[in-house]
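Engineer: Using the sequences plus the hints, can you model the full thing?
Numbers 1 to 152, taken from our numbering, label the letters of the sequence shown in order.
These aren't lab readings, by the way, just hints derived from the structure by calculation.
Computed from a predicted structure; not experimentally measured.
Just so you know, not all the hints are guaranteed correct.
As the list claims (entries may be wrong) - DSS-like cross-link-like pairs, simulated, lysine-lysine; straight-line CA separation at most 27 Å:
| # | residue 1 | residue 2 |
| --- | --- | --- |
| 1 | 30 | 3 |
| 2 | 146 | 93 |
| 3 | 39 | 75 |
| 4 | 98 | 145 |
| 5 | 50 | 30 |
Stated by the list, open to error - Simulated DEER-style distance windows between Cβ atoms:
| # | residue 1 | residue 2 | range |
| --- | --- | --- | --- |
| 6 | 6 | 101 | 56 to 62 Å |
| 7 | 110 | 90 | 29 to 35 Å |
| 8 | 83 | 137 | 31 to 37 Å |
| 9 | 45 | 145 | 54 to 60 Å |
| 10 | 26 | 98 | 42 to 48 Å |
| 11 | 113 | 141 | 40 to 46 Å |
| 12 | 66 | 136 | 55 to 61 Å |
C-beta atoms are modelled at their ideal positions from N, C-alpha and C, and glycine is treated no differently.
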Amino acid sequence: MVKKYRVRLSGEERTQLETLVNKGKETAHKRRHAQILLKADEGEFGPGWKDGKIAEALDVSLSAIERLRECFVTKGLEAALTRAVPDRSHRRKIDGEKEAHLIALACSDPPAGRSDWTLKLLADRMVELEHVESLSYETVRQALKKTNLSRG
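Structural biologist: Structure (structure tokens):
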């Protein structure tokens with residue numbers, strides 16, 4: 001199989017990686033990535049090991065080596081060495097004020113024909129009262145669990 005991303009380190013990059021590996025003051029993740037890049041280096045001073053040999057020697061998967069090669073070639077050395085910060089952002093649907101409304105609702109009398117509030121009923125009522133645009137029963141469960149609310 002032809003490699004799509006080939007690692008060719010400059011002398012400066014190679015020295016930086018060797019220092020990083022030998023110093024022992026870096027995280028295991030960073031050292032492992034540096035070791036993989038050093039073994040995969042097909043440049044003038046690199047050994048140019050095959051992925052299978054690297055995987056066996058360093059006890060990593062082939063896909064991890066391929067991903068690291070791609071990251072190095074497309075984003076550079078620093079990106080290949082550091083962990084990527086997840087780009088997702090989860091905004092809380094229930095902040096302190098909405099949580100207070102939820103607790104007050106949970107402590108109030110249940111709707112007619114019901115003996116207790118269910119999580120689904122609480123979620124639906126929060127939407128009806130326009131405290132939130134949408135709300136899942138799981139979010140309600142987590143909010144109530146966090147408060148240690150005891151209704152018994």
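Engineer: Check the following: the C-beta atoms of residue 45 and residue 145 are separated by a distance inside 54 to 60 Å.
Structural biologist: holds (57 Å)
Engineer: Between residue 146 and residue 93, is the straight-line Cα distance small enough, at 27 Å or below?
Structural biologist: Distance ~14 Å between residue 146 and residue 93 Cα, so the pair holds.
Engineer: Between the alpha carbons of residue 30 and residue 3, is the straight-line distance 27 Å or under?
Structural biologist: Within the cut-off at roughly 23 Å; holds.
Engineer: Between the beta carbons of residue 110 and residue 90, is the distance compatible with 29 to 35 Å?
Structural biologist: Since residue 110 and residue 90 have Cβ atoms about 30 Å apart, the given range 29 to 35 Å holds.
Engineer: I want to verify a distance hint. Is the separation of the beta carbons of residue 26 and residue 98 within 42 to 48 Å?
Structural biologist: Holds - the Cβ-Cβ distance for residue 26 and residue 98, about 43 Å, lies within 42 to 48 Å.
Engineer: Taking the Cβ atom of residue 6 and the Cβ atom of residue 101, is their distance within the range 56 to 62 Å?
Structural biologist: The hint (56 to 62 Å, Cβ to Cβ) holds, given that residue 6 and residue 101 are roughly 58 Å apart.
Engineer: Need the status of pair residue 50, residue 30: alpha-carbon distance at most 27 Å?
Structural biologist: Satisfied, since the Cα-Cα distance of roughly 21 Å is no more than 27 Å.
Engineer: Take a quick look at whether residue 98 and residue 145 sit within 27 Å of each other, Cα to Cα.
Structural biologist: Answer holds: residue 98 to residue 145 is near 15 Å, not above 27 Å.
Engineer: Indicate whether the distance between the beta carbons of residue 113 and residue 141 respects the range 40 to 46 Å.
Structural biologist: Taking Cβ atoms as reference, residue 113 and residue 141 lie about 22 Å apart, which means the hint is violated.
Engineer: CB of residue 83 to CB of residue 137, is that within 31 to 37 Å?
Structural biologist: For residue 137 against residue 83, whose Cβ atoms are near 34 Å apart, the range 31 to 37 Å holds.
Engineer: Using the beta carbons of residue 66 and residue 136, state whether their distance is inside 55 to 61 Å or not.
Structural biologist: violated (37 Å)
Engineer: Are the Cα atoms of residue 39 and residue 75 separated by 27 Å or less?
Structural biologist: Since the Cα atoms of residue 39 and residue 75 sit roughly 19 Å apart, the hinted pair holds (cutoff 27 Å).
The structure shown violates the earlier hints numbered 11, 12.
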